[in-house]
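Residue numbers (the working numbering), protein chains in the order written: chain A, 1 to 355; chain B, 1 to 350.
Some hints here could point you the wrong way.
What the hints assert, rightly or not - Heads up, simulated SDA-like pairs for lysine to any residue below, C-alpha to C-alpha not over 25 Å straight-line:
| # | chain 1 | residue 1 | chain 2 | residue 2 |
| --- | --- | --- | --- | --- |
| 1 | A | Lys-339 | B | Lys-140 |
| 2 | A | Lys-276 | A | Arg-93 |
| 3 | A | Lys-334 | B | Ala-219 |
| 4 | A | Lys-259 | A | Pro-22 |
| 5 | A | Lys-334 | B | Pro-14 |
| 6 | A | Lys-339 | B | Arg-22 |
| 7 | B | Lys-140 | A | Arg-93 |
| 8 | A | Lys-309 | A | His-294 |
Unchecked claim - Label pairs and their calculated CB-CB ranges:
| # | chain 1 | residue 1 | chain 2 | residue 2 | range |
| --- | --- | --- | --- | --- | --- |
| 9 | A | Met-323 | B | Leu-234 | 29 to 39 Å |
| 10 | B | Gln-298 | A | Val-349 | 47 to 57 Å |
| 11 | B | Leu-234 | A | Ile-345 | 16 to 26 Å |
As the list claims (entries may be wrong) - Here are a few chain B residues that sit away from chain A, every Cβ distance over 10 Å (derived from the structure):
| # | residue |
| --- | --- |
| 12 | Ile-109 |
| 13 | Glu-223 |
| 14 | Cys-239 |
| 15 | His-260 |
| 16 | Ala-265 |
| 17 | Gln-267 |
| 18 | Asp-273 |
If you're looking for bench data, these hints aren't it; they were derived computationally from the structure. Backbone N, C-alpha and C fix where the C-beta goes; we use that ideal spot for every residue, glycine too.
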Amino acid sequence: MSMSSNSAGVSTSSRAEQNAAPIATAILRHAPDAGLDGILQKLRSASPSPLPVSLPPTVVIKPNLCDIVSWEAGVTTDPAWLAVLAEELRTIRSDVRILVVESDAISAYKSFRSCDETFDRLGYREIARAKGIELINLSNTESIEISLEGIPLPVLVSELFLEEFYFISIANLKVHGYEYMTGILKNSLGLLTGSDLTPMHPYLPRLISQLHRLCPPDLCIIDGRIGLEGHGPILGDPVVVNAVVFSNDALAADVAACKLMGIPPQEVPHLGETAKNLGRELPEVTLPADIQPHSFSFHTPDHRAILLKFANRRIHRSSEMFMNTWINRFLRFKSEPVKFATEAIPKLVRRLYAK
Amino acid sequence: MPSRLRLGLVGAGPVVERYHMRAIRAVPEVLPAVVADLDENRARQFAQKQGFARYTTRLEDLFGTVDLAIVALPNGAHAPVSCELLASGVHVLCEKPMARNVPECRAMIEAAERGGTKLCIGHNRRFRTNVMLAKRLMEKGIVGEVTRIEAEEGSTSDWARSPVYFDPKQAGGGALIDVGIHSIDLIRCLAGEFRDVRYHGNGTATTVESDAELRFRLANGAEGTLVASRTRNLQQHICVTGTEGFIDIGLWSEHLRVRHNKGKAFQKLPHLDAFVSKRPPQDPSFVLQITNFVNAIQGTEKLVVDGYEGMANVDVVTRAYGDGATSTESQGVSGSAAMSSAATQNRGEQ
Numbered sequence: 001m002s003m004s005s006n007s008a009g010v011s012t013s014s015r016a017e018q019n020a021a022p023i024a025t026a027i028l029r030h031a032p033d034a035g036l037d038g039i040l041q042k043l044r045s046a047s048p049s050p051l052p053v054s055l056p057p058t059v060v061i062k063p064n065l066c067d068i069v070s071w072e073a074g075v076t077t078d079p080a081w082l083a084v085l086a087e088e089l090r091t092i093r094s095d096v097r098i099l100v101v102e103s104d105a106i107s108a109y110k111s112f113r114s115c116d117e118t119f120d121r122l123g124y125r126e127i128a129r130a131k132g133i134e135l136i137n138l139s140n141t142e143s144i145e146i147s148l149e150g151i152p153l154p155v156l157v158s159e160l161f162l163e164e165f166y167f168i169s170i171a172n173l174k175v176h177g178y179e180y181m182t183g184i185l186k187n188s189l190g191l192l193t194g195s196d197l198t199p200m201h202p203y204l205p206r207l208i209s210q211l212h213r214l215c216p217p218d219l220c221i222i223d224g225r226i227g228l229e230g231h232g233p234i235l236g237d238p239v240v241v242n243a244v245v246f247s248n249d250a251l252a253a254d255v256a257a258c259k260l261m262g263i264p265p266q267e268v269p270h271l272g273e274t275a276k277n278l279g280r281e282l283p284e285v286t287l288p289a290d291i292q293p294h295s296f297s298f299h300t301p302d303h304r305a306i307l308l309k310f311a312n313r314r315i316h317r318s319s320e321m322f323m324n325t326w327i328n329r330f331l332r333f334k335s336e337p338v339k340f341a342t343e344a345i346p347k348l349v350r351r352l353y354a355k
Numbered sequence: 001m002p003s004r005l006r007l008g009l010v011g012a013g014p015v016v017e018r019y020h021m022r023a024i025r026a027v028p029e030v031l032p033a034v035v036a037d038l039d040e041n042r043a044r045q046f047a048q049k050q051g052f053a054r055y056t057t058r059l060e061d062l063f064g065t066v067d068l069a070i071v072a073l074p075n076g077a078h079a080p081v082s083c084e085l086l087a088s089g090v091h092v093l094c095e096k097p098m099a100r101n102v103p104e105c106r107a108m109i110e111a112a113e114r115g116g117t118k119l120c121i122g123h124n125r126r127f128r129t130n131v132m133l134a135k136r137l138m139e140k141g142i143v144g145e146v147t148r149i150e151a152e153e154g155s156t157s158d159w160a161r162s163p164v165y166f167d168p169k170q171a172g173g174g175a176l177i178d179v180g181i182h183s184i185d186l187i188r189c190l191a192g193e194f195r196d197v198r199y200h201g202n203g204t205a206t207t208v209e210s211d212a213e214l215r216f217r218l219a220n221g222a223e224g225t226l227v228a229s230r231t232r233n234l235q236q237h238i239c240v241t242g243t244e245g246f247i248d249i250g251l252w253s254e255h256l257r258v259r260h261n262k263g264k265a266f267q268k269l270p271h272l273d274a275f276v277s278k279r280p281p282q283d284p285s286f287v288l289q290i291t292n293f294v295n296a297i298q299g300t301e302k303l304v305v306d307g308y309e310g311m312a313n314v315d316v317v318t319r320a321y322g323d324g325a326t327s328t329e330s331q332g333v334s335g336s337a338a339m340s341s342a343a344t345q346n347r348g349e350q
């Protein structure tokens with residue numbers, strides 16, 4: 001895949017996916033005195049712009065509210081985005097219904113973090129009230145348990161995803177302990193309504209790529225005014241970068257974020273997995289001349305140790321499932337031997353023939 | 001009314017043991033009191049095993065000693081037994097099919113009205129988790145306007161069947177009234193009433209059909225096919241297709257496959273598979289059915305499947321069979337006599 005870039009940091013390319021709009025990515029320098037309005041004004045003049053030309057009746061915005069930490073720490077999304085985005089979206093469709101969604105979670109300190117408390121304490125509630133935006137705690141919505149290909153555990157997602165909407169994902173520029181970086185793609189983990197995602201961690205790259213298929217963002221915003229290095233994604237240190245990435249493609253946005261943080265995108269497991277899952281290659285992104293990449297530092301445990309831990313969990317789970325299957329077969333055989341044999345033998349024969 | 005409702009079981013066969021007893025234990029408002037079966041030995045063993053205080057071979061012993069009863073007898077005995085119980089002030093949960101024909105159903109409804117009692121029909125599938133979710137999603141408009149329905153249920157059954165199941169006069173029909181009526185009930189619940197039905201089955205004047213196919217058109221214009229079998233292993237599902245997507249419901253599993261053409265999740269995924277966890281399947285439908293029945297008796301909830309719902313299902317079946325061609329009316333036969341007749345023929349099988 002090729003991607004061209006002009007001096008304003010706007011780049012375009014085409015996607016391999018059928019009927020997909022061309023990728024438009026803009027990496028813009030943020031002038032602190034201009035505020036978020038200034039950056040959106042720059043975006044409007046970008047060509048082509050990742051902003052939509054028309055909207056369905058509902059827009060869903062997913063900020064990154066992974067913990068109760070103020071946005072200036074580089075950890076969470078600045079609530080001021082809601083106000084500027086609401087105004088922008090209403091110029092496109094005046095009657096648009098805007099929902100901001102997030103789920104309950106387990107915080108960095110291993111304690112339960114209520115999404116509603118996060119909305120309250122980070123100032124989302126006030127802005128939402130002022131701008132006519134609805135805040136939705138996905139963990140409190142009606143959910144369905146679904147299977148995602150390649151994930152051995154069922155996941156709970158809100159029934160909201162069965163409906164039609166335009167999806168905006170806002171992430172921060174952050175390093176991550178074992179995924180190296182967290183951006184738009186990893187932000188989608190917050191779409192799962194279960195609060196404890198620990199059992200999912202051995203399958204993170206696959207899960208993230210499947211969640212991207214479940215709910216691909218239409219507009220991606222990576223707020224790199226203040227990034228986070230060190231003990232990411234929550235306990236790190238803020239770094240002023242003063243850049244914001246906009247794209248209509250999550251993969252391109254995350255590759256741009258990698259470039260800004262000095263991380264080789266091909267080393268980020270979930271980026272490679274997502275590209276493979278979509279049948280694409282990682283897009284090439286060039287930073288504009290007025291934005292210099294930073295070399296974000298990592299304070300991460302030995303990566304090999306983490307992989308070993310996850311491999312161990314996988315083996316444990318596989319052996320548990322294997323044992324359960326055979327115990328289940330034994331119990332079925334013991335209770336109804338004739339039924340078991342009449343059902344199992346044809347299955348076994350079919351399998352052997354198939355092989 | 002006592003704080004716990006005293007339960008009587010009429011018929012101590014495998015359906016009760018396999019399904020109803022587990023559900024009864026999960027509803028603490030119900031107290032297992034009396035089990036009635038004309039086979040005294042079976043009634044005694046059942047009562048001892050399942051913790052019933054009494055057993056009997058006479059239906060009359062239930063009058064005044066129980067508040068509600070579950071009637072799980074061969075189809076031909078449903079109406080006469082239920083009518084006697086209902087008219088004597090006992091609330092009845094009658095197994096599906098409600099009866100063999102519409103006049104029998106109507107008699108049951110009238111008996112309930114006379115006795116001031118509740119009549120619930122055991123179409124438990126409505127309480128399955130995936131069916132309830134499917135209904136909710138359809139009410140949200142996920143599939144749009146329903147255009148097509150495909151239903152299939154059938155297996156080479158492992159049940160011990162008494163001869164009454166194969167006798168058109170006693171059973172009222174075969175695969176369609178026994179197996180297919182579940183799908184008929186769900187189709188009515190999800191998509192609306194049947195308008196036209198065209199039936200094809202292999203039944204004769206002396207034996208019921210083992211395979212049935214029903215082609216139908218619903219009141220809203222949607223068309224569909226229902227296949228029910230006692231000889232073939234079919235897909236055990238109902239697929240409802242509409243102008244905006246589809247919902248595929250597992251009949252023997254909690255599985256649900258869904259697609260909404262405009263839905264966000266379906267931009268890159270062809271469909272979503274719900275309820276697929278590897279946990280052992282726990283069917284809550286019998287528990288929820290009895291809970292709903294108990295709540296309805298206590299006046300806190302509306303019955304989900306009342307006599308009119310059960311009668312509408314039987315009406316579809318009898319229209320399919322052709323106005324009683326394979327069923328007979330048995331009004332005037334007493335409940336005890338019907339129990340006796342069923343039990344006599346049942347004994348041959350045990």
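Evaluation of the provided hints:
1. A:Lys-339 to B:Lys-140: Violated - the C-alpha atoms of Lys-140 of chain B and Lys-339 of chain A are around 41 Å apart, more than 25 Å.
2. A:Lys-276 to A:Arg-93: It is violated: about 35 Å lies between the C-alpha atoms, which goes past 25 Å.
3. A:Lys-334 to B:Ala-219: Distance of about 49 Å is beyond 25 Å: violated.
4. A:Lys-259 to A:Pro-22: 21 Å, holds
5. A:Lys-334 to B:Pro-14: Holds, because 19 Å separates the two Cα atoms, which is no more than 25 Å.
6. A:Lys-339 to B:Arg-22: Holds: Lys-339 of chain A and Arg-22 of chain B sit about 22 Å apart, inside 25 Å.
7. B:Lys-140 to A:Arg-93: Holds, at about 24 Å.
8. A:Lys-309 to A:His-294: Answer violated: Lys-309 of chain A to His-294 of chain A is near 31 Å, above 25 Å.
9. A:Met-323 to B:Leu-234: 29 to 39 Å: With a Cβ separation near 32 Å, Met-323 of chain A and Leu-234 of chain B satisfy 29 to 39 Å, so the hint holds.
10. B:Gln-298 to A:Val-349: 47 to 57 Å: At 53 Å between Cβs, range holds.
11. B:Leu-234 to A:Ile-345: 16 to 26 Å: At 20 Å between Cβs, range holds.
12. Ile-109: 35 Å, holds
13. Glu-223: Given a closest Cβ separation of 25 Å, the condition holds.
14. Cys-239: 17 Å, holds
15. His-260: 5 Å, violated
16. Ala-265: 4 Å, violated
17. Gln-267: 6 Å, violated
18. Asp-273: Given a closest Cβ separation of 5 Å, the condition is violated.
The structure does not agree with the numbered hints 1, 2, 3, 8, 15, 16, 17 and 18 stated previously, though it agrees with the rest.
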